[in-house]
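A.B. asks: In case you want the letters, here they are:
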Amino acid sequence: MSAGLLLEQAFNGLQLGMIVFLMAVGATLAFGVMNLINLAHGSMLMLGAYFIAAAAAWTSVFPLAFAAAVLMVAAVALAVELVIIKPLYRRGHLDQVLATFGVSIALNEGVIMIWGREAVYASPPSWLEGAVSIGPGFQYPLYRLAITAVASAAGLGLWLLLTRTRLGMRIRAGAEKGEMIGALGVNVGAMFSGVFVISAVLAALGGIMLGPLIAVQSGMGDPLLILALAVVVIGGVGSLKGALLASLAVGLLDTFGRMAWPALCGELIGNIVANASVYILMALVIAVRPAGLFGVAAR
Amino acid sequence: MPAPSLREPDDAPPEDGPGSRRRLLRAVLFALLLAALAVPLLGQPYYTKLVARMAIFAIAALSLDLLVGYGGLVSFGHAAFFGIGVYTAGLLPMLGIRQAVVIVPAAALAGALVGCVTGAVSLRASGLYFIFITLAFAEMIFYIAQGLRMFGGDDGFRLPAATLLGGELSLGHPVVLAYTMIGLLLVFIYAGRRIAASRFGQVVVAARDDEGKLRAIGLSPFPGRLLLYTIASAMCAVAGVGFANLVEYVSPASMSWIQSGEFLFMVILGSAATLVGPVLGAAAYVGLEQVLSSWTEHWMFWLGVILVLRVLLLRQGLYGLITGRRGAGGA
Amino acid sequence: MTSAAGVTPLLDLRRLTKRFGALVVTDDVSLTVLPGEMHALIGPNGAGKSCLIGQISGELVPDSGEVLFRGARVDDLSIQARARLGVARAYQVPRLFGSLSVEGNTAISEIVRSRSAFHLWAPAAGQRGLQMAAAAALAQVGLQGQGHRPSAELAHGEKRQLELAMGLAAAPSLLLLDEPLAGLGPGDSDAMVGLLRTFKGRYGILLVEHDVEAVFALADRVSVLVGGRLIASGAPEAIRGDPAVRAAYLGDDFG
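In the order they appear, the protein sequences are chains Y, C and G. The opening position of the first sequence corresponds to residue 16 in our numbering, with each subsequent residue numbered one higher. The opening position of the second sequence corresponds to residue 54 in our numbering, with each subsequent residue numbered one higher. The opening position of the third sequence corresponds to residue 255 in our numbering, with each subsequent residue numbered one higher.
To be clear, the hints were calculated from the coordinates, so they are not data collected in a lab. One or more of the hints may lead you astray.
[Claimed, not checked] Negatives, chain C to chain Y, calculated, CB over 10 Å:
no., residue
1, Arg79
2, Leu95
3, Gln97
4, Leu144
5, Ala153
6, Ala159
7, Cys169
8, Leu218
9, Gly225
10, Leu239
11, Glu264
[As the list claims (entries may be wrong)] Quick partial rundown of chain C residues pointing at chain G, CB under 8 Å, derived from the structure:
no., residue
12, Ser251
13, Ala259
14, Arg268
15, Ala269
16, Leu272
Glycine included, every Cβ here is placed at the ideal spot set by N, Cα and C.
From just these sequences and the hints, can you work out the full model?
C.D. replies: Okay, here's the thing in structure tokens:
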């Protein structure tokens, strides 16, 4: 096994981990601040991918297309939050799960209604094509590096927002005692809308970046959503640090596993274990620490 | 003075009188049962299969109601057991086994085993985590099924042979399937009601209401919940056997998270914690599916819309709307 | 270790200490409850009384110190294990099983006591054993005949009564009562004091209360908890006159 291959897989694992992190951080934020389970989160990723494909068809100026896609997702997310999510904050998890599930299947079908059943293909901007040398005689696609960089930057930006700004402080306080900060004059409703939209945009960012890499089709975000939920469980709900560590672990485990398990256990068992490895890890973590690695006891 | 009862507290609205709404419910159920028994005799395979489909999903929804309604355990991975039943019905014929008397218990056992193992892990977690974990485990089982490339992988495979009841009777025959599933449904409704009314059922509901209080009285909720989870899983797997015979196909789609969500939809559509409600909900769901898909190919969109509307606008499901009563403290 | 009278205490707390971060909520607390004794615990809000109860019932784990029940350490036992040994707890805000009827709530205690939680087939309604146990417990607290009512519909005072009935139905030896008089109007309050009086001698009781008059009327012993520390412990009259207690809690114009 060459160093080049190992390096390539490591970067792939890192990239997967960061995409999952974008999804996971939105999910853990929504739950930590608003006690909300959102199964439509995967649809936000999907919308990001569809919108960038559509926007790239209108304009060849990539930053413009990028901004347009982000704005469109933010608009959809805001509409969903105001109309559907707001009444659900007070309701139990069953209602939230069902309503967001309904939104998810409606959106999954909605994109088919607009764009058809065929997968849509988007291409990366020309200035990100090509490969970069990251080791002796070893090339890695520039676009994939860019994804990892952007996702990391987004994660860092969010961390800075939450820990270094007044808004971030209010958000974190809201996670502790929503009723109290309302009494302190913070517009809790607006803050919740803001957190929801931020988390949706983070997911959409993943979709925007993944679009050119994989086929853009209905339901593409759902497997990543479930992976992100497993990550949230492993890392602990409400913990950004936990989400990051768990995402990276999961990304690397999954990527290396797909290579290693079939080699170790043969084709059949190897594939099965590779598919199941993340969930086996989740089961092990829960068996030992029911609240996740860094989680506080769930509400 | 009549002895105080341990039945559900009496909370029917006064204006109808507690009797008449329940009579209405009984009339509706009786009419449905008659219709279900009569339709297969009409010689229309399409409608007979529709009845079978309703009965199959009713069993699945009923089993989920035990968990969600009575146990307060929102599982978003229940379709995994449905799929396990489907695959049992599909794989055993490859070993030369076709008899229902082997396949059905085998499916129930497989469902129970997987349920016991995944439940033991999932139930260690509370509330939110439980939902995530059940979803994740179901996804894992889905991926395992997808990974079985010699069994068609993601595409699945045709059912090699229909399950045989004995003699000439095969579940591949729509009329036999319909009556068998209706019969099983009635048995499971009866069993479910007895379980819900038993001491075990009372404890399960108490754990749902306040598990910390139950501990303070001296009982851990975990063993009872694990048993409930195992029973529900086994029941759902039996429904899966029926489904394999209905569609004559075995595929991972039967265990997808979408399918899990649809089962939850049926429970809430019919009213949770009522057992009979989810049966109504399953029938209504299948009916809705039929009607919507005849109008538009994008019926899933409207299904999603209806689900959202049901959650936001209605406070109760079909059972509640008919009787004016809530389930055992459930939604 | 036994008390001066040679009787093994029902409950023996030895040097319990608990911190939440920098905040010390229980500071080297030692106290005992003898069988049949009503031992009251008073103190200002935030003194750590509920936290102490939580460490006895098992919901909180002390950082150091020991909890002994009938002379044996229970520190490693779960909440449910301690409850089965005979510890019953009533909460500041009554905790009930809202979906069940009044009788249903007390029946749970009986089901747990009789280890019949896995009976899956026989309908619980109409079972003589459950009904009689429930009726007996309800009669003890003054809720006889109310069994059929939905527990969620009870008035606040009745909920407290039901919670006590649930505790009694488990046949405990130690009652941990967390402010049973809180939120009760004068009539209900008198009734509750009367009820508590009927418990005297039959159960060991650790009574946390703010209603100091009731405490002095009922208790065999009174301990005073301030800032997590026990500042005084003894017969009611002695506590009433203790200058440290008056300064810290009772105030000069009491008594």
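A.B. asks: State for each hint whether it applies.
C.D. replies: Now the hints, each set against the structure:
Non-interface call for arginine 79 of chain C relative to chain Y: holds, since the shortest CB-CB distance, roughly 28 Å, exceeds 10 Å. Look at leucine 95 of chain C: its CB is around 33 Å from the nearest CB on chain Y, clear of 10 Å, so calling it non-interface holds up. The Cβ of glutamine 97 of chain C sits about 30 Å from the closest Cβ of chain Y, beyond the 10 Å cut-off, so the non-interface label holds. Annotated as non-interface, leucine 144 of chain C keeps its C-beta farther than 10 Å from every C-beta of chain Y; the closest such distance is 14 Å.
Look at alanine 153 of chain C: its CB is around 29 Å from the nearest CB on chain Y, clear of 10 Å, so calling it non-interface holds up. The beta carbon of alanine 159 of chain C is kept farther than 10 Å from every beta carbon of chain Y, the shortest such distance being approximately 21 Å. Non-interface status of cysteine 169 of chain C relative to chain Y is upheld: no Cβ of that chain comes within 10 Å, the nearest being about 13 Å off. With a least beta-carbon separation of about 33 Å from chain Y, leucine 218 of chain C lies farther than 10 Å from that chain, consistent with its non-interface assignment.
Every CB of chain Y lies more than 10 Å from the CB of glycine 225 of chain C, the least distance being 30 Å, so the non-interface label holds. Against chain Y, the non-interface label of leucine 239 of chain C holds: every CB pair exceeds 10 Å, the least being about 27 Å. The Cβ of glutamate 264 of chain C sits about 13 Å from the closest Cβ of chain Y, beyond the 10 Å cut-off, so the non-interface label holds. The closest approach between the C-beta of serine 251 of chain C and any C-beta of chain G is roughly 5 Å, which is under the 8 Å cut-off, so the hint is satisfied.
Restraint check, alanine 259 of chain C versus chain G: the minimum CB separation of about 4 Å is within 8 Å; hint holds. For arginine 268 of chain C, the interface hint holds, since its Cβ comes within 8 Å of a Cβ in chain G; the closest pair sits about 4 Å apart. This hint holds: alanine 269 of chain C has a C-beta 5 Å from the nearest C-beta of chain G, less than the 8 Å allowed. Look at leucine 272 of chain C: its Cβ gets to within about 5 Å of chain G, closer than 8 Å, so that hint holds up.
Violated hints: none; the structure is consistent with every hint.
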